[in-house]
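**Q** Residues per chain are reported as follows:
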Amino acid sequence: VIPMSLDVLRTSGLAVLQAAGLLALAPLLKTVIKKMKARLQNRQGPPLLQGYYDLAKLLRKEPVRSETASWVFVAGPRVYFGAALAATTLVPVLVAAAPLEMAGGILLLVGTLALGRFALATAALDTGSAFGGMGASRDMTIAALAEPALMLGLFTSALAAGSLNLGSLVRTLLQHGVTFHPSDLLAFAGLFIIVIAETGRIPVDNPATHLELTMIHEAMVLEYAGPDLALVEWASALKELLYLTLLVDLFMPAGIATSAAPVGLVVALVAWAGKVFLLAIAVTLTESTNAKLRLFRVPELVSISLGLAFLALAIRFL
Amino acid sequence: MATSDLLILCAAGMLVSAYLMVGQKALIMAIRLYGFQSLLLGALAATIAVSASRPELFVTAAITIVLKAMLIPWFLMRLIDRIGIHREIEPFLNVPTSLLICLGLTVVGYRVSTGFPEGGQGVSHHLIGVALSMLLIGLFLMVTRKKAITQILALLTVENAVFLVAIGVTPGMPLVVELGIAFDVIVAVLLLGVLVRRIVDRFESMDVSRLSKLKG
Chain A
1 VIPMSLDVLR TSGLAVLQAA GLLALAPLLK TVIKKMKARL QNRQGPPLLQ GYYDLAKLLR
61 KEPVRSETAS WVFVAGPRVY FGAALAATTL VPVLVAAAPL EMAGGILLLV GTLALGRFAL
121 ATAALDTGSA FGGMGASRDM TIAALAEPAL MLGLFTSALA AGSLNLGSLV RTLLQHGVTF
181 HPSDLLAFAG LFIIVIAETG RIPVDNPATH LELTMIHEAM VLEYAGPDLA LVEWASALKE
241 LLYLTLLVDL FMPAGIATSA APVGLVVALV AWAGKVFLLA IAVTLTESTN AKLRLFRVPE
301 LVSISLGLAF LALAIRFL
Chain B
1 MATSDLLILC AAGMLVSAYL MVGQKALIMA IRLYGFQSLL LGALAATIAV SASRPELFVT
61 AAITIVLKAM LIPWFLMRLI DRIGIHREIE PFLNVPTSLL ICLGLTVVGY RVSTGFPEGG
121 QGVSHHLIGV ALSMLLIGLF LMVTRKKAIT QILALLTVEN AVFLVAIGVT PGMPLVVELG
181 IAFDVIVAVL LLGVLVRRIV DRFESMDVSR LSKLKG
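Line order of the protein sequences matches chains A and B.
The opening residue of the first sequence carries number 1 in our numbering; numbering runs sequentially from there.
The opening residue of the second sequence carries number 1 in our numbering; numbering runs sequentially from there.
Warning: the hint list may mix true and false statements.
Straight-line C-alpha distance at most 30 Å; calculated DSSO-like pairs for lysine-lysine [claimed, not checked]:
id, chain 1, residue 1, chain 2, residue 2
1, B, K25, A, K37
2, B, K146, A, K292
3, B, K25, B, K146
4, B, K25, A, K292
5, A, K35, A, K292
6, B, K213, B, K25
7, A, K61, A, K37
8, A, K57, A, K35
9, B, K213, B, K146
10, A, K34, B, K25
11, A, K57, A, K37
12, A, K35, A, K61
With the C-beta cut set under 7 Å, the calculated list includes, among others, these residues of chain B facing chain A [unchecked claim]:
id, residue
13, T3
14, D5
15, V16
16, P96
17, V107
The set of hints was computed from the structure by calculation and includes no laboratory data.
Quick reminder that beta carbons are idealized off the backbone N, C-alpha and C, glycines included.
Just chain A, same shape as in the assembly:
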């Protein structure tokens, strides 16, 4: 009984550690992207800790909620935050094993993220404001296309590795060495578009404005203030970091540690940070070189990624 409980303790400790680490780094990623974007536009940009200042400011304020809001409205950000946090424990970051990988793999990951999105969308509908409903409906329109594309993209890698579990998937990829297949690039391109769409970046949504005609995510969370808003923003940042980590895991796993040796962990940390930074540069460049798409064009963009992901899967069989 005792070794068993020790094991449980170790696993949950690792899970908490990984979730806390990613949670601590998530606002930094968001600010880094903002800063790089500003530099490309010849602006100074915010200081690197701005993300933390913003969150601290929001957390200090008192929450303002509409009189007509029910418990759904209060629960929304909390479920969204909890779901994003739970999802981080299913993805390998530094070691080629996810802390809670025995709980489930790709399907659980996609399902957990969907749960968060569902909670936030219902919460947006709760107060009955026009903006909330509009934002929720737009977000769901995109999600309905993005989710199958995400799944197909992830399945492509799973098919190559023969496992739906992210931990064993990365281990198999490491063992086989890098054998490149055209479907890898197709799936990567598809998933990259999904990351852009899911994190509300420019061709799909503009994170910097509150323009009523175009906003998607911002419209959905317009009613929130104070700590509620902080939770939503923090969870969104965490989701972005999570998606980039997922891309790193699936398509460039080299450098990830296979044991708990300290040297390997440091190398893995540097490699992971470097690769996430590279992807952040790619996101920044995409944001800076593209114009925001008209809302009715967005499903077209997402359907491109759906097509790419499907093609990636199909080519594996040919």
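Start from chain A and add chain B according to the hints.
**A** Structure of chain B alone, referenced to chain A:
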């Protein structure tokens, strides 16, 4: 990264760019995608030149990069600047339908590639598969696009696909033939450019479906 990985990466990149071209509606983006596709073709030729020690392929790579990745996109950009047309592509079919059809075409292309003696497996399987898919996608684009410039881009995509097979799978073409093809391509683009301007002058639009209408 092994040479074969690099080759497959370039080929897959070309396929992705062809696919994005189908989903793309901004004319300038489509031209940039074509330039990127040609750049990858040049990189592929250079990779083979190094790995298989075929120095004559360096000439191919240089011609491809200078001509198709720089000169032709620049010329096409200038062309749309000059005639100042509406910068959106208006296809006959909507984007999701086109994407679905191109998906099917890619599957067909890949399937057919296994029929070639070299296309069974390995790198040449992917090279032939990608080339055939791009060929079919290019033909599809040519049929479904209204604007003359997008039809030129489709033709150039087909040409890239043929070049991909010629470089990647066959023992290579004589330099004279290669120079001839390069010259052909540039003359074709120039002529088509002139033709496009004539069409725009006459019909005040680049929409080739108007050509079948009578004009007094």
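**Q** Could you check if V16/B really has its C-beta closer than 7 Å to a C-beta on chain A?
**A** At 5 Å from the nearest chain A Cβ, V16/B passes the 7 Å test, so the hint holds.
**Q** Below or equal to 30 Å on CA atoms is what counts here, so check K57/A against K35/A.
**A** holds (20 Å)
**Q** Would the pair K35/A and K61/A pass a check requiring their Cα atoms to be no farther apart than 30 Å?
**A** holds (26 Å)
**Q** Can the hint on D5/B be confirmed by a CB-to-CB distance to chain A that is less than 7 Å?
**A** Holds, about 4 Å.
**Q** Grab the minimum C-beta distance from T3/B to chain A and call the hint holds if it beats 7 Å, violated otherwise.
**A** At about 11 Å, which exceeds the 7 Å cut-off, the nearest Cβ of chain A leaves the hint on T3/B violated.
**Q** Return the status of the interface hint for P96/B: holds when the least beta-carbon distance to chain A is below 7 Å, violated otherwise.
**A** holds (5 Å)
**Q** Within 30 Å, alpha carbon to alpha carbon, are K213/B and K146/B?
**A** With a Cα-Cα distance of about 14 Å, the restraint between K213/B and K146/B holds, given a limit of 30 Å.
**Q** When you check the alpha-carbon spacing of K61/A and K37/A, does it fall within 30 Å?
**A** holds (29 Å)
**Q** Are the Cα atoms of K146/B and K292/A separated by 30 Å or less?
**A** holds (25 Å)
**Q** Below or equal to 30 Å on CA atoms is what counts here, so check K25/B against K146/B.
**A** With Cα atoms ~12 Å apart, K25/B and K146/B stay inside 30 Å; holds.
**Q** Sort out whether K37/A lies within 30 Å of K25/B, counting only the CA atoms.
**A** holds (25 Å)
**Q** Starting from K25/B, check that the Cα of K292/A is at most 30 Å away, please.
**A** holds (13 Å)
Violated hint: 13 only; the structure is consistent with all others.
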